[in-house]
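A.B. asks: Sequence:
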Amino acid sequence: MKTRQGTVAVELTVNGEKRVAAAEPRMLLTDFLRHGLGLTGTHVGCEQGVCGACTVLVDGQPARACLTFAVQVEGGCVDTVEGMAEPGALSDVQQAFRAEHGLQCGFCTPGMLASTEALLQENPDPTDDEIREYLSGNVCRCTGYQGIIAAVRRVANERKAASRDA
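Numbering that gives the first Met the number 0 puts the last residue of the sequence shown at 165; the count rises by one with no breaks.
Check each hint, because a few of them may be wrong.
Stated by the list, open to error - Distance windows between CB atoms, simulated: (1) R25 to G87: 30 to 38 Å; (2) R97 to G48: 23 to 31 Å; (3) R163 to E73: 20 to 28 Å; (4) G136 to A88: 44 to 52 Å; (5) Q4 to G136: 35 to 43 Å; (6) G5 to R97: 41 to 49 Å.
Because the hints were derived from the structure by calculation, they are not lab data. Just so it is clear, the structure is predicted and the values come from calculations on it, not from any experiment. C-beta: ideal position from N, C-alpha, C; glycine also.
My request is simple: use the sequences and hints to build the entire structure.
C.D. replies: This is the structure:
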C-alpha cells in the first residue's frame, strides 16, 4: 500500500477480517479504528486510559485503545464491538446487557462489552466480587452497575447451561 510521507501501512486483523490502512507512527488505535477504518463503535472518553470506554480486545486481551499506538498492533488481532455479532444480530453478551438493563446512555457500553467478553473467556463462572473487580476499570455514570453485574452473571449462567447441555 502506498502511503503519504510520514505514514506507515498498518496491517492487522480486525473482527476477523484482514485490514490495512495508513497511519502516522503516533496515531492512537482509537483514531486508527474510528477514522482509518470507519469503525466508530470504539468510543473515545477520557483519552487517559481511565474510563475504559475505548477498551477493545487485542489478541484476546482487553486493551485501552486510547493508550495504544496503531503501529503497536501491527500483525495482531483486534476485536471491537462491531465484531461481537453478525450485522443486525446481538451476541449473547449484548443480549444480556439489554435484558438486564446494563446500559443506559450507551457511552461506556462498547468498552464494558469487550471487558465482559475478556472476563468470561478468562473466568467462565465469576462471582459478583470478581465481576466488580474485573470491570472496575470501566466507568459507567448512568447504571449504578447492578444491571451490568446481573448481565455478566446472566451470560455466564447461560453459557454454563449451554455447555452442560452440549
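A.B. asks: Indicate, hint by hint, whether the structure satisfies it.
C.D. replies: Against the structure, the hints come out as follows:
1. R25 to G87: 30 to 38 Å: 36 Å, holds
2. R97 to G48: 23 to 31 Å: Hint holds: Cβ distance 27 Å, inside 23 to 31 Å.
3. R163 to E73: 20 to 28 Å: 41 Å, violated
4. G136 to A88: 44 to 52 Å: 28 Å, violated
5. Q4 to G136: 35 to 43 Å: 38 Å, holds
6. G5 to R97: 41 to 49 Å: For G5 and R97 the Cβ distance comes to about 43 Å; the hint holds.
When the structure is compared with the earlier hints, violations turn up for hints 3, 4 and for no others.
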